[in-house]
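As a plain string of letters, each chain reads:
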Amino acid sequence: MLERIEKAKDQMTAACEAMGRPINIMEVCGTHTVSIFRNGIRSVLPAGLRLLSGPGCPVCVTDQSYIDTVLRLADRDDLLIATYGDMIRVPGRGGSLETKRAKAAVRVVLSSEDALQLARDNPSKVVVFIAVGFETTAPATAVVVKEAAADSLENFCIFSGHKLVVPAMRALLSDKNNNIDAFLCPGHVSAIIGYGAFGEIVDNFGRPCVVAGFEALQIMEGLAEICRQLSCGEPELKSVYTAVVTRDGNTAAQKIIDECFEAVDGYWRGLGKIKKSTLRLRDEYGRFDAVQRFGLHEIPAEDTTGCRCGEVLCGLIEPPQCSLFERACSPEMPVGACMVSSEGACAAWFKYGRKRECRK
Amino acid sequence: MCLAIPARIVELDGDRAVVEAMGNRWRAKTTLLPEAGIGKLVLVHAGFAISLVDEQEAKETWRLLAEISEFNETPNRLSG
Ligand code: SF4
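These protein sequences, in sequence, are chains A and B. Take the first sequence: its letter number 132 is residue 132 in our numbering, and every next letter is one higher. Plus 1000 on top of the position in the second sequence (first one is 1) and you've got our numbering.
Quick caveat, the hints were computed from the structure, so don't treat them as lab data. Incorrect hints may appear among the rest.
The calculated lysine to any residue pairs, modelled on SDA-like cross-linking and capped at a C-alpha distance of 25 Å, are [unchecked claim]:
#	chain 1	residue 1	chain 2	residue 2
1	B	1059	A	292
2	A	351	B	1067
3	A	146	B	1034
4	B	1040	A	114
5	A	255	B	1016
6	A	255	B	1067
7	A	255	B	1015
8	A	255	B	1034
9	B	1040	B	1052
10	B	1059	A	38
11	A	7	B	1057
12	B	1059	A	4
13	A	255	B	1041
14	A	7	B	1013
15	A	255	A	152
16	B	1059	A	272
17	A	176	A	272
18	A	351	B	1066
19	A	9	B	1064
20	B	1059	A	247
21	A	255	B	1013
The task is simple: from the sequences and hints, build the whole structure.
Quick look at the structure:
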């Protein structure tokens, strides 16, 4: 294994020299971000190679207005809010779900199934499932919406904040100021959508897209493959995570996403409005859509805290460049979403990267 | 940490499974993975099996997870 790591390092060094300029590779997966820090990968990379943590953490990319709407729903007596644990501490206007939990009915669930069960067990309340996440969790939401429809379970609905990864990558590259040379593509999202889904990024933008798993060796080999492609000027689509990811992905999961949802324009933290990037329930499932049921409007909120999560998510700055980092903002007292989630870039820098990794 | 967890299906009734990994057993659904069957190793994410996984990859991931003290929290985390 050491041999393979050394080989990957040599490939990267050679590529950096051949390029004669710094290389920026963006990872779009929170699990990669954490693994890169935990394994100290940044510290063994050649000086010319920089990793950018992109919009890969589902909690971090959720727009502030979505969080604020969730908090407003949590104030209602007739509702039960069912949420994944990750969302519970995200600060919004007037607190977080955690601070609401004492008075309001907020339940942490491990899966969408548990949220549906909550509705069955509490017929006098309407359960609102806070459906966030990328293509990995979207099919799980779709399954329970179908179940609710089949059982005519009318006291259940979802507030969809599901996001699609590829439109976000497209949006990042469409910004002329972007400095992204290639993407290390997410493993679990790719298990669903298949690595073939990144083909358009390679074809239309000429950027290498390589899917990798989460061990150090996988990440190193993924990065080395990207460097190789860059230095010979031939961007390609590739997966080094062959144990789990196929070109076509999980077609059953894709089918159920498609049956329940359609892609609409949606807001992302830091990236703004992105075309066809957010999943909304199709009209035939409209009665399970919290937006329709409660007449919710998504008004993009302006952030007045000084948090620079948006720039962090676009790879424009590194967390230590935010003046609040470590001072006003820490995992115990998070100001922004990127510090809340254990997968967030700010949290990862705080936990693993502060002194050692800061090159600025 | 927020890895999806490889686990073995030990019981299966329709799409309702019980999976086992690293001495833990929990419920998961196989709705998204029609090819799932008893004895198969699957990757479980937020309560759903999302793909098959081979023995070697599963072992590798279990080893990684064992290193991470928060393993007990892992099943309720989301990942990208
Ligand atoms: S350090 Fe805190 S305030 Fe600054 S960008 Fe990160 S989450 Fe936002």
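Evaluated hints:
1. Between residue 1059 of chain B and residue 292 of chain A, the direct Cα distance comes to roughly 45 Å. Violation of the 25 Å bound is thereby established for this hinted pair.
2. Proposed proximity of residue 351 of chain A and residue 1067 of chain B is supported: the alpha carbons are some 16 Å apart, at most 25 Å.
3. At roughly 17 Å between alpha-carbon atoms, residue 146 of chain A and residue 1034 of chain B fall within 25 Å of each other, so this suggested pair holds.
4. Annotation: proposed proximity of residue 1040 of chain B to residue 114 of chain A holds, straight-line Cα distance about 24 Å (limit 25 Å).
5. Taking the CA atoms of residue 255 of chain A and residue 1016 of chain B, the gap is near 20 Å; set against the 25 Å cutoff, the hint holds.
6. Simply put, residue 255 of chain A and residue 1067 of chain B have alpha-carbon atoms about 36 Å apart, too far for the 25 Å limit, and the pair is violated.
7. Restraint check for residue 255 of chain A and residue 1015 of chain B: the C-alpha separation of about 17 Å stays at or below 25 Å, so the hint holds.
8. Distance check on the hinted pair: residue 255 of chain A and residue 1034 of chain B sit about 12 Å apart at the alpha-carbon level, within 25 Å; holds.
9. The hinted pair formed by residue 1040 of chain B and residue 1052 of chain B meets the criterion: a straight-line CA distance of about 7 Å does not exceed 25 Å.
10. The hinted pair formed by residue 1059 of chain B and residue 38 of chain A meets the criterion: a straight-line CA distance of about 19 Å does not exceed 25 Å.
11. In summary, the hint linking residue 7 of chain A to residue 1057 of chain B is supported, as the alpha carbons are separated by about 21 Å, within the 25 Å threshold.
12. As the CA atoms of residue 1059 of chain B and residue 4 of chain A are separated by approximately 19 Å, the hinted pair is consistent with the 25 Å bound.
13. The suggested pairing of residue 255 of chain A with residue 1041 of chain B holds, with an alpha-carbon distance near 23 Å, which does not exceed 25 Å.
14. For a cut-off of 25 Å, the pair hint linking residue 7 of chain A to residue 1013 of chain B is broken: about 47 Å separates their Cα positions.
15. Among the hinted pairs, residue 255 of chain A with residue 152 of chain A is consistent with the structure: their alpha-carbon atoms are about 22 Å apart, no more than 25 Å.
16. At roughly 40 Å between alpha-carbon atoms, residue 1059 of chain B and residue 272 of chain A are farther apart than 25 Å, so this suggested pair is violated.
17. The suggested pairing of residue 176 of chain A with residue 272 of chain A holds, with an alpha-carbon distance near 15 Å, which does not exceed 25 Å.
18. Distance check on the hinted pair: residue 351 of chain A and residue 1066 of chain B sit about 19 Å apart at the alpha-carbon level, within 25 Å; holds.
19. Simply put, residue 9 of chain A and residue 1064 of chain B have alpha-carbon atoms about 22 Å apart, close enough for the 25 Å limit, and the pair holds.
20. A hinted pair counts as satisfied when its Cα atoms are at most 25 Å apart, and residue 1059 of chain B with residue 247 of chain A qualifies at roughly 23 Å.
21. Proximity of residue 255 of chain A to residue 1013 of chain B is assessed by CA-CA distance (about 22 Å); at most 25 Å being required, the pair is judged to hold.
Of the hints listed earlier, those the structure fails to meet are numbers 1, 6, 14, 16, in rising order.
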